[in-house]
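Novice: Sequence:
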Amino acid sequence: MSSSGPIPPPSQPSASPARVPLKALILLFGATIVFACLDTTAKAASYYLPVIEVSWFRYVINLLMAMAVLNPLSSPGAWRFECPGLQIVRALLLTVMTLANFSALHYLQVAETTAIGFLSPMVITLLSVVFLHEKIGIRRVVAIIVSFLGVLLITQPGLGTFHPAMLLALASMLSGAVYYLVTRHLATRVDPGSLVISLAAVPSLLLIPPLLVVWQTPSSPLVWGLLIFMGAAGGFGHFLMMSAHRFATAASLAPYTYVQLIWTIITGYLVFADLPSIWTLVGAGVVIASGLYLLHRERVVRARETAAART
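Residue numbering for the sequence shown follows UniProt numbering, starting at 1 and increasing by one per position.
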């Protein structure tokens, strides 16, 4: 999962799940490339500055971009802080997700953290059962179990290749899954612009106290460039992803988001000369296959429910 956080599907998709317009695919692929660049840049920046400071710059730059687009005159709804408790919880979850992800990136390959993040849809399904009382069949349960086995292939606990930072990647993934559920709950209750503003403003404020303790002034134009690019990539990636969802449903786009692993392998190699191990690739393949099957089963269940409702 990218540190940008998962994108909730729109309430009224404009395209059929069976066919994805080329425009939507181009926008989606653009978003995944940008998110891969974001994580790669964050990893590079973490070698020059503390992770807390890198995370703060990521949100402050996002906030400045959001304020420029969603100013009070053109978007007054964006400045109404509705459901404040849940909005703060949502921002806290994303802050934890970003800190954990950036910390993991400092030690792990970008492709490794991305592959572990692909477990998120399965965790979201489990959390939906626990908190939203949704029902899942035995086939989806098996897919979830297999996906966890895929993560075990990536992390290899008990073997010499296991790195404790993988626990940070798992914590980031779990925080992102809960964040998604909270976002889904707020999506129909709060102005979308308000969700964007609060998601940048709250972490920017929360990180100030620890930032004062660890602050280091960026030492070169290169570091400033990394920070600015990272912050801009977060905002631009979200824009591309949301634009893609205007032309296709979340269900139809979801299988294509796994292409981000390809981009992270490429950027990781170009910038850090990193290549994922065979076990990382095999484990990622298992997780991706499980995720795709889970999406397929959810479509089948929805189709049956729709057919039953029409009779």
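Think of the hints as simulated: they come from the structure by calculation, not from any bench.
Treat the numbers as computed from the prediction; the structure is a model and nothing was measured.
Take the hints with a grain of salt, since some may be wrong.
Unchecked claim - Computed spacing ranges between beta-carbons, pair by pair:
| no. | residue 1 | residue 2 | range |
| --- | --- | --- | --- |
| 1 | Q216 | G285 | 37 to 47 Å |
| 2 | Q216 | A307 | 58 to 68 Å |
| 3 | A273 | L86 | 22 to 32 Å |
| 4 | F81 | V129 | 24 to 34 Å |
| 5 | A250 | R310 | 19 to 29 Å |
| 6 | F81 | S277 | 23 to 33 Å |
| 7 | R302 | K23 | 37 to 47 Å |
| 8 | L149 | A309 | 29 to 39 Å |
| 9 | I266 | P210 | 26 to 36 Å |
| 10 | K135 | W224 | 44 to 54 Å |
| 11 | A307 | P164 | 27 to 37 Å |
| 12 | R80 | A309 | 31 to 41 Å |
| 13 | L86 | V282 | 31 to 41 Å |
| 14 | I266 | L86 | 15 to 25 Å |
Claimed, not checked - Here are the simulated SDA-like pairs of lysine to any residue, each with C-alpha atoms no more than 20 Å apart in a straight line:
| no. | residue 1 | residue 2 |
| --- | --- | --- |
| 15 | K135 | I33 |
| 16 | K23 | E305 |
| 17 | K135 | V300 |
| 18 | K135 | V301 |
| 19 | K135 | R297 |
| 20 | K23 | A250 |
| 21 | K23 | I33 |
| 22 | K23 | T249 |
| 23 | K135 | F247 |
Ideal Cβ positions, reconstructed from N, Cα and C, are used throughout, including at glycine.
Novice: Could you check the hint for me, namely that Q216 and G285 are 37 to 47 Å apart, CB to CB?
Specialist: holds, 40 Å
Novice: Taking 31 to 41 Å as the stated bounds, is the beta-carbon spacing between L86 and V282 within them?
Specialist: Between L86 and V282, where Cβ atoms are some 39 Å apart, the hint holds.
Novice: Does K23 pair with I33 here, judged by a C-alpha cut-off of 20 Å?
Specialist: holds, 15 Å
Novice: At the C-beta level, are I266 and P210 separated by a distance inside 26 to 36 Å?
Specialist: holds, 33 Å
Novice: Please check whether R302 and K23 have a Cβ separation lying inside 37 to 47 Å.
Specialist: Cβ of R302 to Cβ of K23: about 24 Å, so the range 37 to 47 Å is violated.
Novice: Does K23 pair with E305 here, judged by a C-alpha cut-off of 20 Å?
Specialist: violated, 30 Å
Novice: Has the given pair, K135 with R297, been kept, meaning a C-alpha gap of at most 20 Å?
Specialist: holds, 12 Å
Novice: Holds or violated: K135 with V300, Cα cutoff 20 Å?
Specialist: Roughly 14 Å between the alpha carbons, so the hint for K135 and V300 holds.
Novice: Within 20 Å, alpha carbon to alpha carbon, are K135 and V301?
Specialist: holds, 10 Å
Novice: Does K135 pair with F247 here, judged by a C-alpha cut-off of 20 Å?
Specialist: violated, 29 Å
Novice: Is K23 within 20 Å of A250, Cα to Cα?
Specialist: OK: K23 and A250 at ~14 Å, within 20 Å.
Novice: Within 44 to 54 Å or not, the Cβ separation of K135 and W224?
Specialist: About 51 Å separates the Cβ atoms of K135 and W224, which means 44 to 54 Å holds.
Of the numbered hints given earlier, the model fails hints 3, 6, 7, 11, 14, 15, 16, 23; all others are met.
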